[in-house]
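Chemist: Sequence:
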Amino acid sequence: MGKSITKHHNWQLVLRKILSYIYEPCQENEIEFIITGSTSSALQKCPIIPANIDILVKNPESVNFIADLLKPFELQTRNSTDSEVWLSSKQNRVFIFDNKEKDELWHMGRWMVKGMQVEVAFIQSQTMLDKSREEGYIWENGPDMYAHTLRFSFQNYFVQVVPLEIQLSSLFLRDKLDRIKKIVQLFISEGCNRDLLMHALKISDFQTVQQYFENHPA
Numbered sequence: 006m007g008k009s010i011t012k013h014h015n016w017q018l019v020l021r022k023i024l025s026y027i028y029e030p031c032q033e034n035e036i037e038f039i040i041t042g043s044t045s046s047a048l049q050k051c052p053i054i055p056a057n058i059d060i061l062v063k064n065p066e067s068v069n070f071i072a073d074l075l076k077p078f079e080l081q082t083r084n085s086t087d088s089e090v091w092l093s094s095k096q097n098r099v100f101i102f103d104n105k106e107k108d109e110l111w112h113m114g115r116w117m118v119k120g121m122q123v124e125v126a127f128i129q130s131q132t133m134l135d136k137s138r139e140e141g142y143i144w145e146n147g148p149d150m151y152a153h154t155l156r157f158s159f160q161n162y163f164v165q166v167v168p169l170e171i172q173l174s175s176l177f178l179r180d181k182l183d184r185i186k187k188i189v190q191l192f193i194s195e196g197c198n199r200d201l202l203m204h205a206l207k208i209s210d211f212q213t214v215q216q217y218f219e220n221h222p223a
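Residue numbering for the sequence shown follows our numbering, beginning at 6 and increasing consecutively.
Rather than coming from a laboratory, the hints here were simulated on the basis of the structure. Hints are not guaranteed to be accurate.
Derived DSS-like pairs: lysine-lysine, alpha-carbon spacing no greater than 30 Å straight-line [to be verified]:
#1 Lys207 with Lys181
#2 Lys22 with Lys119
#3 Lys63 with Lys76
#4 Lys22 with Lys95
#5 Lys107 with Lys181
#6 Lys76 with Lys136
#7 Lys95 with Lys136
#8 Lys181 with Lys76
#9 Lys105 with Lys50
#10 Lys105 with Lys187
#11 Lys95 with Lys50
#12 Lys136 with Lys63
#13 Lys22 with Lys187
#14 Lys50 with Lys207
#15 Lys50 with Lys186
#16 Lys95 with Lys119
#17 Lys119 with Lys136
#18 Lys63 with Lys187
#19 Lys207 with Lys107
#20 Lys76 with Lys119
Generate coordinates for the entire structure from the input sequences, incorporating the hints supplied.
Modeler: This is the structure:
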C-alpha cells in the first residue's frame, strides 16, 4: 500500500496501540477491517519484521470512521500533497488519490505511530479486478479476497488477515522473491490450503510453488 520506511522491531506494540483505538468502536459499528501486507504475514508466523501496518477496509466510509478514531496521531498542519509521503492532518484527515495510470482510486488515512507508518485504505480498481479474474488469481486488495480472510488471535484481539496463499499472488506480481521463499518454506513446515493456493495464483505461479514443494519436501 504506502511506501515502506524501515523494518520496525516493535511492530506488535504499534499494532496493539492502534487496535486499542479502533477495535471496539469498529466492532460496535459493524465496520470490518483486514490487516494486509507484511504485518498480516508476521501474524501468520512468517519470519519477517514488518516495515509498516496496512489495514484494508471495504468502503470509503470506513476509512473516514477509522480516521476519526485515530485523530490523536494526526498532524496539526498538512505536510504534503504527495501521496507517497502525505500524512493525515487536522486539515486533511483522509486523502483521495485517483491514479488514472493504474485505474486505482484510493481513499486512505496515514499516520506515524511510534516511528512506524500505519495506513488505512479502501482501494477501487475495476481494471485490476478484471485482470485478476481473467488471468486466474485473487487480487489481494480486491473484493474477491474478502470471502477467504482468516481470523487470528493477537493478544486480546481477534483480527482478520489476508491468507498467505493470497498474499503470494501480490508478491509474485511485485517479484518479491525473498518474501515468496519465506512463505513457501513456512508452507512446507506448517502446511497450507492447497485448494486456495491453486485458486489464488496464476497457473504459472502455482507451478513454481509446486516445483519448490517437490524439490524441498518436508
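Chemist: For each hint, tell me whether it holds in the structure or not.
Modeler: Hints, verified against the model:
no., hint, result
1, Lys207 with Lys181, "holds, 16 Å"
2, Lys22 with Lys119, "holds, 9 Å"
3, Lys63 with Lys76, "holds, 21 Å"
4, Lys22 with Lys95, "holds, 20 Å"
5, Lys107 with Lys181, "holds, 20 Å"
6, Lys76 with Lys136, "violated, 37 Å"
7, Lys95 with Lys136, "violated, 37 Å"
8, Lys181 with Lys76, "violated, 34 Å"
9, Lys105 with Lys50, "violated, 36 Å"
10, Lys105 with Lys187, "violated, 34 Å"
11, Lys95 with Lys50, "violated, 36 Å"
12, Lys136 with Lys63, "holds, 20 Å"
13, Lys22 with Lys187, "holds, 27 Å"
14, Lys50 with Lys207, "holds, 24 Å"
15, Lys50 with Lys186, "holds, 14 Å"
16, Lys95 with Lys119, "holds, 19 Å"
17, Lys119 with Lys136, "violated, 38 Å"
18, Lys63 with Lys187, "holds, 29 Å"
19, Lys207 with Lys107, "holds, 20 Å"
20, Lys76 with Lys119, "holds, 15 Å"
Comparing the model with each earlier hint shows violations of hints 6, 7, 8, 9, 10, 11, 17; every other hint is respected.
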